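Chemist: Listed in order, the protein sequences are those of chains P and A.
Here the first sequence stands for residues 1 to 345, numbered as in the UniProt record's numbering.
Here the second sequence stands for residues 1 to 345, numbered as in the UniProt record's numbering.
Simulated from the structure, these hints should not be mistaken for lab results.
Wrong hints could be hidden among the right ones.
Unchecked claim - Subject to a maximum C-alpha distance of 25 Å in a straight line, what follows is the list of computed DMTMM-like cross-link-like pairs (lysine to aspartate or glutamate):
1. A:K51 with A:D40
2. P:K158 with A:E150
3. P:K68 with P:D282
4. P:K158 with P:D272
5. P:K158 with P:E274
6. A:K51 with A:D282
7. A:K51 with A:D272
8. P:K51 with P:E157
9. A:K68 with A:D308
10. A:K25 with P:E274
11. P:K246 with P:E219
12. A:K158 with A:E32
13. A:K158 with P:E274
14. P:K158 with A:E32
15. P:K25 with A:D40
16. P:K158 with P:D19
17. A:K51 with A:E157
18. A:K158 with P:D272
Stated by the list, open to error - Across the chosen pairs, the derived CB separations fall in these ranges:
19. P:T278 with A:R277: 47 to 57 Å
20. P:D344 with A:E32: 35 to 45 Å
21. P:A304 with A:K25: 26 to 36 Å
22. P:D308 with A:E157: 49 to 59 Å
23. P:T108 with A:H287: 30 to 40 Å
24. A:N131 with P:L210: 40 to 50 Å
All values reported here derive from a predicted model rather than from experimental measurement.
All residues carry an ideal CB built from backbone N, CA and C; glycine is no exception.
Protein chains: 2
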Amino acid sequence: MSSISIATASEVFDLLRDDLALVEKEFSRQSESPVQVVTDIANYLMSGGGKRIRPMLLLLGARSLGCKTDARIRMGAVVEMLHTATLVHDDIIDEASTRRGRPSSNTTWGNSKCVLAGDWLYMEAFQTALNERNFRVLDLLISLTQQMVEGELLQMEKLGHLINEEEYFDLIYRKTACLFKVSMQLGAAISAGNTGNSADTISATPGEPLTAEEQSLGEYGRNLGLAFQIIDDMLDLTANDNVLGKPAASDLREGKATLAVIHALERGTGADREAIRTVLADRSFEHVTHQQILEILLRHGSLAYAMDTACAYAEAARQSIADLPDGEYKRALLWVPGFVTSRDR
Amino acid sequence: MSSISIATASEVFDLLRDDLALVEKEFSRQSESPVQVVTDIANYLMSGGGKRIRPMLLLLGARSLGCKTDARIRMGAVVEMLHTATLVHDDIIDEASTRRGRPSSNTTWGNSKCVLAGDWLYMEAFQTALNERNFRVLDLLISLTQQMVEGELLQMEKLGHLINEEEYFDLIYRKTACLFKVSMQLGAAISAGNTGNSADTISATPGEPLTAEEQSLGEYGRNLGLAFQIIDDMLDLTANDNVLGKPAASDLREGKATLAVIHALERGTGADREAIRTVLADRSFEHVTHQQILEILLRHGSLAYAMDTACAYAEAARQSIADLPDGEYKRALLWVPGFVTSRDR
Numbered sequence: 001m002s003s004i005s006i007a008t009a010s011e012v013f014d015l016l017r018d019d020l021a022l023v024e025k026e027f028s029r030q031s032e033s034p035v036q037v038v039t040d041i042a043n044y045l046m047s048g049g050g051k052r053i054r055p056m057l058l059l060l061g062a063r064s065l066g067c068k069t070d071a072r073i074r075m076g077a078v079v080e081m082l083h084t085a086t087l088v089h090d091d092i093i094d095e096a097s098t099r100r101g102r103p104s105s106n107t108t109w110g111n112s113k114c115v116l117a118g119d120w121l122y123m124e125a126f127q128t129a130l131n132e133r134n135f136r137v138l139d140l141l142i143s144l145t146q147q148m149v150e151g152e153l154l155q156m157e158k159l160g161h162l163i164n165e166e167e168y169f170d171l172i173y174r175k176t177a178c179l180f181k182v183s184m185q186l187g188a189a190i191s192a193g194n195t196g197n198s199a200d201t202i203s204a205t206p207g208e209p210l211t212a213e214e215q216s217l218g219e220y221g222r223n224l225g226l227a228f229q230i231i232d233d234m235l236d237l238t239a240n241d242n243v244l245g246k247p248a249a250s251d252l253r254e255g256k257a258t259l260a261v262i263h264a265l266e267r268g269t270g271a272d273r274e275a276i277r278t279v280l281a282d283r284s285f286e287h288v289t290h291q292q293i294l295e296i297l298l299r300h301g302s303l304a305y306a307m308d309t310a311c312a313y314a315e316a317a318r319q320s321i322a323d324l325p326d327g328e329y330k331r332a333l334l335w336v337p338g339f340v341t342s343r344d345r
Numbered sequence: 001m002s003s004i005s006i007a008t009a010s011e012v013f014d015l016l017r018d019d020l021a022l023v024e025k026e027f028s029r030q031s032e033s034p035v036q037v038v039t040d041i042a043n044y045l046m047s048g049g050g051k052r053i054r055p056m057l058l059l060l061g062a063r064s065l066g067c068k069t070d071a072r073i074r075m076g077a078v079v080e081m082l083h084t085a086t087l088v089h090d091d092i093i094d095e096a097s098t099r100r101g102r103p104s105s106n107t108t109w110g111n112s113k114c115v116l117a118g119d120w121l122y123m124e125a126f127q128t129a130l131n132e133r134n135f136r137v138l139d140l141l142i143s144l145t146q147q148m149v150e151g152e153l154l155q156m157e158k159l160g161h162l163i164n165e166e167e168y169f170d171l172i173y174r175k176t177a178c179l180f181k182v183s184m185q186l187g188a189a190i191s192a193g194n195t196g197n198s199a200d201t202i203s204a205t206p207g208e209p210l211t212a213e214e215q216s217l218g219e220y221g222r223n224l225g226l227a228f229q230i231i232d233d234m235l236d237l238t239a240n241d242n243v244l245g246k247p248a249a250s251d252l253r254e255g256k257a258t259l260a261v262i263h264a265l266e267r268g269t270g271a272d273r274e275a276i277r278t279v280l281a282d283r284s285f286e287h288v289t290h291q292q293i294l295e296i297l298l299r300h301g302s303l304a305y306a307m308d309t310a311c312a313y314a315e316a317a318r319q320s321i322a323d324l325p326d327g328e329y330k331r332a333l334l335w336v337p338g339f340v341t342s343r344d345r
């Protein structure tokens with residue numbers, strides 16, 4: 001097996017099938033709450049056809065470093081649960097009526113229950129993580145969650161306004177790449193405990209330097225997450241309602257400028273800029289149509305630019321793990337970036 | 001100084017003045033967020049005239065066991081911050097327009113920002129606690145938060161319905177007494193770290209038995225919290241709008257049956273029961289007036305019953321710490337229950 005060979009999709013799924021099934025079971029166990037509505041909301045979101053990419057990353061990260069304990073299953077469920085908690089609160093914030101083609105949780109259960117169910121899911125994720133008795137794991141999770149929440153607040157402040165690329169990358173880092181990065185680092189953190197080095201990990205002081213493995217797996221996760229979100233934002237602009245299960249161009253309808261739009265804004269004519277500005281301010285296609293916006297993006301090569309950028313981050317992700325020991329898990333990690341950039345939903 | 005002597009209010013405030021001032025400062029430091037709106041909401045709620053009873057309990061618990069480190073200041077701010085986080089999310093749930101006589105946070109900032117600001121405050125509290133590197137502290141905080149959130153969800157399910165005393169006590173335990181109890185236990189947990197026994201505390205395995213101090217301080221907090229909330233609920237029934245800074249009998253207006261009301265329901269005539277049932281179902285005094293309800297409660301001695309029950313819990317709180325070593329902090333702890341039961345707002 002050569003160090004630069006890349007696994008196929010079926011190899012990756014064979015490799016992770018058993019672990020992912022255990023993660024599903026563990027997630028169901030964790031989300032069993034003494035209060036029925038919490039269990040209902042968690043199961044509803046979990047059955048909504050998510051890609052389980054975060055647990056997948058954690059499993060691959062941990063396995064690539066030789067992790068053999070059940071911690072990877074528990075923590076795989078934890079990252080999916082954290083992700084689910086953010087979705088529950090996001091549904092309140094976005095006032096979205098649908099998610100992945102079904103009624104959103106707030107439409108079904110109302111804001112009040114969703115606030116509390118989201119809180120409960122956060123706490124359950126922390127509770128499970130706390131039982132690992134590993135401070136590094138907790139450091140990663142708590143600071144992650146705070147960064148994600150700050151990102152949502154920053155995004156709210158920027159709705160309807162023009163932002164530049166730097167602001168865009170900060171937002172998508174917080175929204176997506178940060179959890180991808182931490183999923184990978186958690187894989188490393190729980191594996192360090194397997195290698196006879198557990199005392200160091202468990203009593204880690206805050207701000208301690210990362211190990212080389214944590215560093216490169218974290219870099220991989222960050223790059224992959226950026227690629228993932230750029231693609232997500234592109235699909236939002238270009239796919240039609242039926243494919244994504246939400247209205248086309250819902251970001252623009254919410255006043256959010258994403259990479260292709262920012263690219264066009266910086267290169268467009270006065271009229272182009274004005275058209276985009278109008279949609280963002282209106283938060284609707286009342287005065288400028290979706291088709292007009294797509295025409296502007298195509299004319300300036302903005303969609304191609306976003307695609308190229310995503311592919312560059314995907315390649316950077318592959319480069320990040322160049323020094324990782326060869327093996328089937330590294331081959332699987334090399335496959336993921338291509339999967340992320342070639343998806344159509 | 002006799003073991004049964006009780007401090008005066010001014011003695012207690014003298015005793016805690018410096019510590020409480022440091023807690024205020026620490027709270028301000030903790031609530032400084034890179035996102036301005038979080039800082040604004042935290043400061044707004046903090047300046048709303050809260051009684052700081054939770055930090056006070058933590059300080060007294062820790063000091064009574066000889067704690068001399070700054071951990072008590074940090075953790076004092078943490079329990080107030082957790083309390084503040086619950087208030088921010090409660091404001092969304094209750095859809096209250098006022099809190100303590102001022103516009104509520106959701107009225108001022110909107111639901112979306114309040115969901116996220118509450119999340120941020122929870123995470124900041126955990127982050128600060130995590131830096132103590134004490135698993136016992138984290139066990140207490142995370143399981144507390146989950147119980148509180150479950151309590152809010154249970155309460156929502158019971159709105160507009162008749163509940164019995166057992167359900168009432170479960171709800172007020174989760175809503176108030178649980179955080180009082182944990183504030184006291186945290187005082188003990190951070191003090192254990194001072195007594196040369198830190199390794200045990202820090203590597204505490206989940207579910208480890210409590211020390212005798214944690215047990216009795218926790219019992220004190222639980223009893224005091226129940227007394228506190230029974231009084232709060234009584235004041236809600238009897239005080240007028242100007243005193244509490246919210247509409248009179250707002251619990252009934254929200255469909256919440258509290259102790260005096262439950263007492264009257266169990267002893268009242270068919271007509272009395274019907275009147276109470278109507279208000280709870282209507283969530284308003286449209287068909288039955290506030291005055292009519294008060295008349296029912298007075299006729300059955302229900303307010304006196306609630307007051308007696310609160311006083312019994314206050315006395316139980318004092319009994320809980322009988323075995324604590326004598327000293328000024330124990331005297332102060334003996335003062336608090338009387339303060340809680342005699343307040344009028």
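Chemist: With reference to the structure, classify each hint as holding or not holding.
Modeler: Hint by hint, here is what the structure shows:
1. A:K51 with A:D40: Roughly 20 Å between the alpha carbons, so the hint for A:K51 and A:D40 holds.
2. P:K158 with A:E150: Violated, at about 34 Å.
3. P:K68 with P:D282: 53 Å, violated
4. P:K158 with P:D272: Measuring from Cα to Cα gives roughly 20 Å; hence the hint holds.
5. P:K158 with P:E274: Answer holds: P:K158 to P:E274 is near 18 Å, not above 25 Å.
6. A:K51 with A:D282: Not satisfied, since the Cα-Cα distance of roughly 33 Å exceeds 25 Å.
7. A:K51 with A:D272: 36 Å, violated
8. P:K51 with P:E157: With a Cα-Cα distance of about 29 Å, the restraint between P:K51 and P:E157 is violated, given a limit of 25 Å.
9. A:K68 with A:D308: Given that 25 Å is the threshold and the Cα spacing comes to 37 Å, the pair is violated.
10. A:K25 with P:E274: At roughly 48 Å apart (the allowed maximum being 25 Å), P:E274 and A:K25 break the hint.
11. P:K246 with P:E219: 31 Å, violated
12. A:K158 with A:E32: 37 Å, violated
13. A:K158 with P:E274: Since the Cα atoms of A:K158 and P:E274 sit roughly 52 Å apart, the hinted pair is violated (cutoff 25 Å).
14. P:K158 with A:E32: 20 Å, holds
15. P:K25 with A:D40: Distance of about 42 Å is beyond 25 Å: violated.
16. P:K158 with P:D19: 40 Å, violated
17. A:K51 with A:E157: The hint is violated at about 29 Å.
18. A:K158 with P:D272: Roughly 55 Å between the alpha carbons, so the hint for A:K158 and P:D272 is violated.
19. P:T278 with A:R277: 47 to 57 Å: With Cβ atoms ~55 Å apart, the hint holds.
20. P:D344 with A:E32: 35 to 45 Å: 44 Å, holds
21. P:A304 with A:K25: 26 to 36 Å: 54 Å, violated
22. P:D308 with A:E157: 49 to 59 Å: 52 Å, holds
23. P:T108 with A:H287: 30 to 40 Å: 32 Å, holds
24. A:N131 with P:L210: 40 to 50 Å: 18 Å, violated
Violated hints for the displayed structure, listed by number in ascending order: 2, 3, 6, 7, 8, 9, 10, 11, 12, 13, 15, 16, 17, 18, 21, 24.
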